[in-house]
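Q: Here is what each chain is made of, one letter per residue.
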Amino acid sequence: MVDQPIVEVRDLHKTFAVKRDGGVSMLHALSGVNFDIVGGETLGLVGESGSGKTTAGRILVGLLPATSGTVSLFGHSITGPDGKAQLASVRSRLQLVFQDPYASLNPRMRISNAIAEPLDIAGTYSRKDRNDRVAELLELVGLPKNSVERYPHEFSGGQRQRIVIARALALNPDFVVCDEPVSALDVSIQAQIVNLLLDLQDRLGLSYLFIAHDLAVVRAVSTRVAVMYAGAIVETAPKAQIYSDPQHPYSRALLDAVPRADPDAVRHPVVAGEVPSLLSRPPGCSFHPRCAFATERCRVEVPLLRDSGAGRRVACHLFST
Amino acid sequence: MSSPLLSIQNLSVQFRVDTGWVTAIDDVSLDLAAGECVGLVGESGSGKSVTALSILRLHERTTTRISSGLILYQGQDLLRAPGSAMRRIRGSEIAMIFQDPMSSLNPVLTIADQMSETLRQHQGLAGAAARKRVVELLGLVRIPDAARRADDYPHHLSGGMRQRVMIAMAIACKPRLLIADEPTTALDVTIQAQIMELLRDLRRELSMSVMLISHDLGVIAEFAQRVIVMYAGRVVEGAPVAQLFRRPVHPYTMGLIAAVPKLDSEASRLATIPGRIPGPQEVIRGCRFSPRCTLARDCCLAEQPSMQLVSDHQSARCPPRILALSEGHG
Amino acid sequence: MTDVGLGSLAAAEIAAPRRHGTLRRLLRHRSFMIGFSIILLLTLAAVLAPLISPIDPSAMKVRLRFRPPSSAFWFGTDMFGRDVFTRVLYGARISLFVGFSVCVVSGLCSAIIGVIAAQFRRLDGAIMRLMDALMSFPAILLALGIAAALGPRVSSVVIALTVAYIPAGVRIVRAAALTVREMDYVQAAQVSGASSLRIVIRHILPNCFSSLLVHLTFIFAYAMLAEAALSFIGVGIQPPIASWGNIIAEGRDYATEAWWVMLFPGIAISLAALSLNLLGDALGDMLDPRQKGGA
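Residue numbers (this note's numbering), protein chains in the order written: chain F, 1 to 321; chain A, 1001 to 1330; chain R, 2001 to 2295.
Treat the hints as calculated values from the structure; they're not laboratory data. A few of these clues could be false.
So the derived label-pair ranges between C-beta atoms look like this [to be verified]:
no., chain 1, residue 1, chain 2, residue 2, range
1, R, 2182, A, 1298, 29 to 39 Å
2, F, 19, A, 1148, 23 to 33 Å
3, F, 205, A, 1019, 43 to 53 Å
4, F, 153, A, 1117, 47 to 57 Å
5, F, 292, R, 2129, 49 to 59 Å
6, A, 1067, F, 22, 32 to 42 Å
Part of the chain F face toward chain R, derived, beta carbon under 10 Å [unchecked claim]:
no., residue
7, 91
8, 96
9, 98
10, 109
11, 121
12, 168
13, 170
14, 172
15, 270
Calculated from the model, a selection of chain R residues having no Cβ within reach of chain F, i.e. all distances over 10 Å [unchecked claim]:
no., residue
16, 2032
17, 2062
18, 2112
19, 2136
20, 2146
21, 2168
22, 2198
23, 2263
24, 2273
Using N, Cα and C, we set each Cβ at its ideal position, and we do this for glycine too.
Please model the complete structure; the sequences and the hints are all you need to start from.
A: Below is the structure:
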């Protein structure tokens, strides 16, 4: 039985107008992004800076408007003419967990109020229900009940991230966008939060879009992975395949570049060059200036994301017939 | 056996807070031989950056003080050296690069201007000679189109490029020791790989010693020859890199290595270290790691453990574990 | 390792409640205590003026003219035989009242205008140009103009000074609000569907408060000094109502014969301004680096 995807993104474009050197230039943050997320799964979205992964995440929760393309959440299109109304109707089913545990909580708000804010905004909860729910959420994320009257600065980074997660779960969402939720945490704390997210997914049946640059963390969390480069998805595959047999040269380069905590590990050649400026992307495939396998076709024609068998898709001319 | 290039002995540094002074690092000792690469690894609050800044006495004078210890560079105690000696050593003998190249570069000066300043200070170069050396150095750090790039301002360059410029400035006077404090933490993974490769090559070409500070065990594993692990202001273990990863002794080291997510791991849950890192103000009787240690015994909670040798080149601050190992367990 | 034990471990590690942390820190801060004590003393003196000195400040006794400071007349008498000490006490009422009112009203206006400028980009340009125009006049000249137009009374002085000091406050609030708007916690509220009003009231304003507060302590001091200056010039409070400024003005012609008439109100003004500066500095220290995420 095929589940109806809860998130459907088709040909999503996002451009920003930036003031530069006297004039205005267009920055292409996203250039035709396509992906689906089905219920209960975690799609890991990896990429380096300029890949567009954070922008995609923000568009999905309605913080940024799309320039063109369609985004459907739970069957409702938020990019259509009545997008705002559609978004409002599904708002309680989606949420966002942020990266910086120090900037994602209002320093002047007690954490009980911070966690209950989604409930207060919804406005339909009695005082008792609200407080009960806050206590429930604190327990869910492993924080003690006596934390309610405290302020964010009294907590460590890892604990603050738990508070942020508690807030995200307040209205029982079905889909949570996690934007680099553990990148700012120490390694030993990262592991705790990752496990917490996985446990919550099991208990509550959540779906995640897990945005990160750390491939190893993504591996621990995701069911499927999408690799982004310079505003486009270059490859999507089930987790196991992308790590054992990456198809796109950039996926390969990315995996090779990750330093391994094992002095015996084989070191791979380093890919040269840098991520192109999104104001002036190279013609054809954005990766071709750095790609060891680039052909003439790569320099001219933009490769589209196409099926390459076994639930995999890749945007590379090397794989198209 | 020649004496080490740099020897930190029983260094303790304190920070000032509202209520008085607190210990940032306590009894830190480490040696670095000429041409060696030592990795200093730890999470936040471990004291690794404080240790590094102390070597060049770069810490904030009013809020930090060195309460005890020595830092011997080629036999001379840097902590008691006069200001003029330190100024000579900084940049030409010992150089340092930091995490965020944007704040280390002056935004209103061109790259060439900034680099010329260092060259003028330490090598007396000026004018055309300085310019030539600048372009030469930029080429050494593999910046393409070096002659043109020299006239750019920092904000024209990407993060990776800026870090290369920082490295160029650091190696300008061929220092004997380069201290790199989280040099790639703010960079993308592919750029990080490029910069680490550059550092590896430069180390060889210039016969430089490197002290690499990082929280990333992978970066340390790929670069360092010897690793010092710090936790909550103390050194907890020191070993050659292969030995550290294959047979870690201290429970924190074991936990840290286990907690790092692996690219090739099939596990569905990550191994964790329960609890959280203590702040410098927290006074813990006994071992600083004991509240989180699954192997803690009574002796751990009662008194501060001391560093003990495990083998020729490995030492750790965990007497119970060392005892267990020598008796054939663990 | 499972996470079951984490809840209890996490519980054990949260520090004991530091509910009175701020208060305790303030009490320990020397500048704050000195500044606060002086202002408190001056305020009490002003409020309890009739109790402290039952003499009528406007009572003229020609036979007692130009008496130097003595045990009977602590600050001496002026050219009309009025007790300078009593006049200075009553003058404190005016000065502190003006300082306080200007502080509060300009603070409120700055907060509202600053937040509007930060929230509505289209209005921002117009508002800031207007503020720039106001700021291009030295505050005292602007206040002079307004006070002269409205007539010499306390309310004119308050209005004039409020208008003169609003632009500086607006700048501060706007800058703080712009920073706070970009913070993740504001975005989190947006994701949850919060209205702009809710975001302004619950998130933006509380986090602009500390920057504004420090600024307002200095405004208090400036307003007192400005009132003294306006009254000195003759555009502010008119005698026989005592104001520190007009006491000094009246004493100007008798500077050599009765130096005490100018000296004591002068000391009072300096003391008040100094204490407010100390207070403001202390608050700035306290509030600034402690909290990340605010502004």
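Q: For which of the previously enumerated hints does the structure constitute a violation, in increasing order of number?
A: 1, 4, 6, 14, 15, 22
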